[in-house]
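> Residues per chain, in single letters:
There are 2 protein chains.
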Amino acid sequence: MVGLPARGKSYITKKVARYLNWLQHDTEIFNVGRRRRIAAGAPDNFAPTPKPATAASLLKLSTTSFSSPPGNNPKRTDPNISDIAGGLNQSAAFFDPANKAAAELREKVALETLDELLEYVLHRGSIGILDATNSTRGRRQAIIDRVREVAGKELGVLFLESECHDQQLLEANMRLKLSGPDYKGQDPVKALEDFKQRVAIYEKNYVTLGDFEEKAGIQFIKMIDVGRKVVAHQVKGFLGAQTVYFLLNFNLAHRQIWITRHGESLDNVAGKIGGDASLSEEGKKYARALASFMEHQRRVFRERQLQKHDESSHMPPRPGDITPPNPEYSKGDSIDDDGRPVEKNFCVWTSMLQRSVATAQFFDDEEYDIKEMRMLNELSAGVAEGLTYAEIKSSWPDQYALRRADKLHYRYPGAGGESYLDVINRLRTVIVEVERMTDHVLLIGHRVVARVLLAYFLGLDRNDVAKLDVPLGRLYGLEPKPYGTQFNSYQYNSETEWFDQIPNSQLTNEEGLVVKVNN
Amino acid sequence: MVGLPARGKSYITKKVARYLNWLQHDTEIFNVGRRRRIAAGAPDNFAPTPKPATAASLLKLSTTSFSSPPGNNPKRTDPNISDIAGGLNQSAAFFDPANKAAAELREKVALETLDELLEYVLHRGSIGILDATNSTRGRRQAIIDRVREVAGKELGVLFLESECHDQQLLEANMRLKLSGPDYKGQDPVKALEDFKQRVAIYEKNYVTLGDFEEKAGIQFIKMIDVGRKVVAHQVKGFLGAQTVYFLLNFNLAHRQIWITRHGESLDNVAGKIGGDASLSEEGKKYARALASFMEHQRRVFRERQLQKHDESSHMPPRPGDITPPNPEYSKGDSIDDDGRPVEKNFCVWTSMLQRSVATAQFFDDEEYDIKEMRMLNELSAGVAEGLTYAEIKSSWPDQYALRRADKLHYRYPGAGGESYLDVINRLRTVIVEVERMTDHVLLIGHRVVARVLLAYFLGLDRNDVAKLDVPLGRLYGLEPKPYGTQFNSYQYNSETEWFDQIPNSQLTNEEGLVVKVNN
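Protein chains in written order, with the UniProt record's numbering: chain A, 1 to 519; chain B, 1 to 519.
There could be a bad hint or two in this list.
All copies of an identical chain are treated as equivalent in the list; a pair is satisfied when it fits inside any one copy or across any two copies.
Taking lysine-lysine pairs in the DSS-like style, the calculated list, with each CA pair at most 25 Å apart, reads [claimed, not checked]:
hint : residue 1 : residue 2
1    : K177      : K204
2    : K236      : K15
3    : K236      : K14
4    : K285      : K407
FYI, nobody ran anything at the bench for these hints, they're computed from the structure.
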């Protein structure tokens with residue numbers, strides 16, 4: 001990554017990593033800022049999973065880093081960490097290049113983080129993202145040199161820069177920083193001042209990607225104002241092309257994404273898998289309730305949208321004010337003649353199977369944009385279509401066992417038989433389309449389809465996807481936010497013919513255990 | 001389109017139009033240069049289909065064009081065409097802005113061509129491409145104004161600029177112009193000089209897309225050195241996103257694309273459709289011959305590649321020299337330490353059905369990169385899988401009749417049943433991947449898959465796709481060239497166990513009629 005602080009780098013890295021991981025390319029983010037805070041002795045409250053990265057382990061790693069060549073005793077040159085950084089307080093002074101000891105520490109941490117990344121990519125993963133400012137040509141050259149030294153010619157390096165020219169977007173990003181790890185709990189006005197100083201220090205030495213990299217034939221992508229403008233230079237490989245394609249279809253629009261399965265089908269009643277059955281009476285009731293509930297939710301969203309628009313928070317913040325404003329109101333939303341956001345379209349997408357199409361039958365097609373998509377069809381069970389699990393077990397005990405051993409990779413035999421990976425591959429188009437558009441959308445899928453969609457939006461771990469509990473009647477409501485995806489779960493109640501919100505909205509697996517989300 | 005002459009605009013437009021048409025979005029190119037030549041009285045040898053665009057029809061159209069408002073008698077202000085243009089000879093003098101009458105004629109032709117485009121987009125098609133230099137801000141503003149005036153707010157305008165900074169690429173493009181409609185048959189040295197003068201005239205007034213368009217929020221794409229660098233600004237809609245994605249995956253590499261069906265299967269022998277049968281003995285013989293023939297063709301290509309590299313033609317051309325050089329040798333090919341092109345990888349992609357996988361069994365996997373892809377599977381016949389056409393006709397006479405009436409749109413009933421349009425949709429990923437890579441590739445598909453692939457590469461008319469004759473044992477060899485796709489057909493000869501080249505390589509439909517290609 002390349003870019004000044006508060007340019008949305010971490011937001012972009014998280015989202016790209018989530019997408020690539022979902023496509024089954026192991027991706028990990030190596031955040032230099034987090035490591036800097038640890039090195040400087042701050043508690044790492046923001047680490048998603050606590051890692052054993054202590055000062056001691058940093059010293060150990062540094063013996064193999066290019067900042068201190070092997071044989072040079074790292075202890076001798078290592079600055080005393082807490083002296084420089086002043087404990088918890090990493091104020092702007094820490095980022096001043098005149099503060100030599102701090103600069104050395106920052107350099108060291110950056111390069112050690114790169115070594116950690118290389119170790120990951122070479123031995124365990126496919127893609128490592130170095131999340132840091134990397135704002136000088138020198139630093140970027142040092143990265144390339146180190147990669148070539150450790151990994152040779154074969155490992156591709158792609159720089160991804162985020163620039164913000166849009167003041168409103170920039171201010172929203174800065175506001176977000178005030179509630180982040182460096183400033184949490186501090187007075188917002190003072191914190192903002194300090195943060196702006198820090199950015200100003202970086203800005204002095206900042207060199208954007210451009211002619212130099214073009215002449216050197218270096219691969220890069222520039223994102224300007226999150227999706228307004230994208231520049232792709234020499235992006236060649238499959239993963240690079242996938243990343244540009246994903247970044248091109250990016251927006252910050254404030255909207256809702258709903259996911260559910262079709263209503264109960266006659267095959268569900270009979271316990272058969274696959275097939276193309278129609279809805280049971282219970283399934284039809286679900287379809288009717290779903291249309292009313294979506295209508296209700298759409299109205300609630302609209303009211304909230306108008307209210308938030310009218311009271312959107314201010315920049316600079318007032319003392320005690322820590323809510324980030326929503327840049328999306330001006331970026332992703334169309335504005336009417338009174339300057340208020342226009343009401344959003346609402347898309348309802350079903351598969352091409354009867355039970356899914358029929359679940360959308362009570363939506364008013366004047367108010368909702370209803371579409372059938374083959375990509376949303378259920379995983380095809382090949383030869384096992386239309387059978388019960390008991391029948392499969394008795395007819396093909398070997399296949400049954402193979403599937404249980406590795407549901408994610410198992411592919412049903414017979415023409416058209418699919419695995420979860422096949423389903424991921426065809427849902428890629430749906431995901432990119434949902435990311436591209438700014439409308440609300442309800443996806444009426446099937447068990448496997450819903451699992452795979454949730455795996456993307458909530459960043460599920462690979463091993464959890466195929467075991468996720470997604471019962472009939474469950475409805476998931478997602479809202480993309482600057483800090484991740486917010487979500488709620490609801491369960492259809494056949495007595496009230498309405499939906500009950502599930503407290504805490506935890507996802508569980510089929511054994512009832514809580515599934516970790518990385519949203 | 002925006003860009004100086006010889007920047008590959010027409011090449012890009014043709015390729016984009018072919019892709020969008022293949023995706024079933026009606027697209028037509030409106031070439032201002034061609035119209036200018038007609039207006040100036042030159043014979044239009046280069047029109048793919050002769051159109052009734054005579055001076056008289058231009059005059060008629062001009063009464064509705066914004067260059068001469070209605071009520072103003074166009075005959076009065078119209079310059080005498082042949083006086084200005086000097087008949088056939090559209091030399092650089094014609095493009096000098098000081099030549100007022102010629103400038104007026106050029107302006108008039110450009111805007112009339114836009115009107116023709118708008119008439120098409122509003123009444124018949126989806127996308128019109130205005131292929132012209134549009135190199136001044138004034139001209140581009142005039143285009144936007146006219147579009148808004150005629151079509152209102154709803155019609156999207158996207159500028160696509162092609163820039164060449166690479167001298168080698170530029171010279172190759174210029175060479176290509178010398179054999180084009182303006183200079184055909186002229187002395188190449190003089191022609192090149194004239195052409196360079198013409199470009200210099202445009203260059204004086206040329207304003208590239210940039211800050212002005214960014215501030216105005218205008219959608220644009222810039223392609224620099226055909227795929228080296230791509231800039232996308234405010235590209236929002238589905239078609240725009242598709243276009244950028246396609247342009248991002250673009251190269252001029254010199255390589256071969258081979259298409260065939262699997263060898264004969266046991267179901268082919270029994271006359272059944274669909275299914276997942278294995279190869280017959282005859283099918284295995286085909287598989288063996290295919291591997292040998294590809295090995296042979298690969299060697300021939302390699303020899304030709306090295307020979308052409310050594311004798312590649314010069315710039316400026318020698319008198320009488322009209323062969324364009326191949327810029328792809330430096331662009332798309334890797335060069336070894338002796339400066340010679342590296343031998344290319346050769347990919348063999350099959351579907352996931354047995355008969356396709358088995359057809360690749362004799363390829364040496366040390367020398368060929370072999371992959372199975374679900375996207376290459378045959379069109380799924382849903383309920384009719386495994387039946388003969390006679391059985392379908394007797395069991396579902398209505399379905400049989402529906403399919404015969406419109407094969408392209410007909411979708412087989414039953415879970416998973418597909419139409420040609422469904423197949424196009426899933427082959428999109430394959431096409432973009434083939435365009436992205438620079439390797440040779442052999443695609444071993446099925447009848448419908450081969451038809452749809454050929455429809456893309458050879459730009460078949462929509463109505464011809466589903467009727468194309470693609471017998472077992474037919475092999476198509478395609479080579480992308482700067483002026484289109486060159487292709488050869490071969491037929492397997494079971495006696496010689498080798499392939500016979502089909503003279504003229506015409507495609508025919510199932511009734512034996514020749515099918516038009518737009519390659």
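> Indicate, hint by hint, whether the structure satisfies it.
Each hint tested on the structure:
1. K177 x K204: within (20 Å within a copy, 48 Å between copies)
2. K236 x K15: Both. Shortest intra-copy (21 Å) and inter-copy (19 Å) distances satisfy the 25 Å Cα cut-off.
3. K236 x K14: Answer is both; intra-copy 22 Å and inter-copy 23 Å each pass.
4. K285 x K407: neither (32 Å within a copy, 37 Å between copies)
Checked against the numbered hints given earlier, this structure breaks only hint 4.
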